[in-house]
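Participant: Sequence:
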Amino acid sequence: MRRVSIAAVAALLALSGLVADELVPVSEHVTDPHYDYDPYLNVTEEGVFIKESGWKISGDMRAGWVQYDYSNPPKGHSGYDPTVNKGHQDSKGFYFIPKVSLQSPEYHGFSAKITGAGVTDFGLNDPDYETRTFALGTDNKSYAILQEAYVRYKDAANEVVVGAKEIVTPMIDADDWYLLADTFQVAYYVNSAFENLKWGFAYFYKMAGPWDSGARNGSEEYAPMSEASFLPDEVKDRIGDEGVYTAALVYTLEHHNLQVWEYYGKDMYNTLFVQYDYTDTYEGLAYDFGLQFINFDDVGYMADWGKEPGHEGIGYSIYSARLDGKLENGIDFATGASFYTDGEGTGYTLGAWGGYPYFANGMIFHFFEAGSLRNANSYKLQLGYDLGGAGADGWWAGARYTYFDLDPEYSKTAKGEPQDAMSMVGLRLSYSKGRYYGNATYETVNLDNEPDIWAFRLIGGITF
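Just so you know, we're using my numbering here: the sequence shown kicks off at 37 and counts up by one.
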């Protein structure tokens with residue numbers, strides 16, 4: 037497979053800590069099927085000002101119940117089988133996630149912000165049932181973390197940020213649709229001096245977060261991006277502490293939006309992300325037609341390691357298309373299809389560092405249940421309804437069907453049985469109005485040669 041380098045992308049991306057639908061823009065009238073009805077990042081401009089000083093306190097008080105049934109009880113319990121559903125164990129738990137921020141006033145373009153967050157279960161949960169809840173740390177204990185601590189300079193055309201920050205980009209993402217957002221130690225620059233164009237670059241050094249991190253030293257601590265990757269432990273030990281260099285370009289002109297993002301980890305792998313969206317309205321239908329291309333290729337030490345006998349490297353692409361829309365009567369739809377090439381490395385890259393920009397995923401489940409998505413295809417159909425038209429302002433209800441056409445040559449159970457298909461049915465009821473938000477999501481998975489899987493999430497909170 038042809039390799040892609042940073043030099044191949046001359047001018048690249050707009051990086052900022054904005055919410056996802058601003059960095060992956062669609063028409064403001066079209067429901068984004070992933071983020072629109074999910075919990076917010078704690079970046080709201082709301083907050084409580086401290087008298088006339090300009091200092092501001094804001095926060096997010098969130099709680100959630102999550103439950104996963106893999107037809108496989110925890111280790112030590114009767115009936116546990118390490119070959120069932122990859123050894124994933126039934127998990128459940130209630131968690132409380134407080135988050136409080138203090139933001140300074142702006143002075144000659146400079147400002148600062150700190151955010152503290154924590155996760156606790158008040159000792160109510162059974163630790164045996166917490167292997168897949170991804171909430172507490174590796175020792176199943178409550179913890180607190182300095183989620184954000186950064187300094188920012190911003191004027192009409194430039195923005196510079198240095199420090200720890202929740203941030204959203206396509207492939208490195210705070211992924212705040214779960215219990216606690218991912219956060220990153222990062223330095224970035226964004227230029228918006230040109231009309232219709234943003235460009236910039238960044239360096240992600242460390243990541244913290246219980247979700248989407250492969251770090252072995254406890255997900256409640258900051259770990260280098262190399263350690264937080266999904267690469268083999270042998271590779272992590274060899275390359276040591278490394279970050280990810282990122283650059284990108286976002287161009288918007290009337291109905292057209294083009295994004296090009298480049299992520300380069302010099303001994304890990306290179307990711308090129310390109311997405312084009314066309315948004316418009318037609319006789320009461322607001323729609324978004326999107327095309328997406330993602331290429332992953334190993335570089336540096338990982339490339340050398342992948343060439344050795346018995347090792348798997350990284351070298352594949354994903355081609356995707358979508359058509360999303362919303363009618364004036366409140367009905368919305370989202371369709372998507374993704375096609376994975378016949379190349380190695382899906383298990384090392386998919387979902388790493390919080391990035392889930394793919395057009396055809398489930399509501400809860402994505403890729404971690406199947407043996408492999410190498411040479412697979414996935415398809416999504418979602419129907420939803422804005423219940424505001426029925427007098428329930430702020431409420432949304434929807435259903436999603438996702439189908440993965442797997443290649444049984446690569447996708448196999450732990451026992452070596454081939455898998456041809458995986459299907460998912462998800463239901464969601466969500467609420468978002470003012471400072472309050474919440475959603476209830478239920479999804480089932482039917483996967484060849486495995487017992488059925490289901491999950492339920494009830495997550496909500498209040499921002500201030």
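Warning: the hint list may mix true and false statements.
Unchecked claim - Lysine to aspartate or glutamate pairs mimicking EDC-like chemistry, simulated, CA-CA at most 20 Å apart:
| no. | residue 1 | residue 2 |
| --- | --- | --- |
| 1 | Lys343 | Asp316 |
| 2 | Lys177 | Glu195 |
| 3 | Lys177 | Glu166 |
| 4 | Lys177 | Asp191 |
| 5 | Lys343 | Asp303 |
| 6 | Lys111 | Asp488 |
| 7 | Lys128 | Asp117 |
| 8 | Lys122 | Glu344 |
| 9 | Lys302 | Glu319 |
| 10 | Lys128 | Asp443 |
| 11 | Lys302 | Glu231 |
| 12 | Lys343 | Glu290 |
| 13 | Lys451 | Asp429 |
| 14 | Lys122 | Glu479 |
| 15 | Lys448 | Glu364 |
| 16 | Lys302 | Glu344 |
| 17 | Lys302 | Asp269 |
| 18 | Lys122 | Asp157 |
| 19 | Lys122 | Asp303 |
| 20 | Lys242 | Asp273 |
| 21 | Lys448 | Glu405 |
| 22 | Lys302 | Asp277 |
| 23 | Lys177 | Asp117 |
| 24 | Lys242 | Glu231 |
| 25 | Lys122 | Asp164 |
| 26 | Lys190 | Glu257 |
Said to hold, decoys possible - Computed spacing ranges between beta-carbons, pair by pair:
| no. | residue 1 | residue 2 | range |
| --- | --- | --- | --- |
| 27 | Pro454 | Ile93 | 27 to 33 Å |
| 28 | Asn482 | Asp117 | 26 to 32 Å |
| 29 | His292 | Val196 | 25 to 31 Å |
| 30 | Asp316 | Asp429 | 22 to 28 Å |
| 31 | Ile498 | Ser140 | 22 to 28 Å |
| 32 | Glu348 | Leu494 | 34 to 40 Å |
| 33 | Gly159 | Leu463 | 27 to 33 Å |
For the record, the hints were derived by calculation from the structure and aren't laboratory data. Values in this document were obtained by computation on a predicted structure and should not be read as measured data. Virtual Cβ for every residue (Gly too), placed ideally from N, Cα, C.
Participant: Hint numbers the structure violates, sorted upward?
Facilitator: 1, 2, 4, 8, 9, 10, 11, 12, 13, 15, 18, 19, 23, 24, 26, 27, 28
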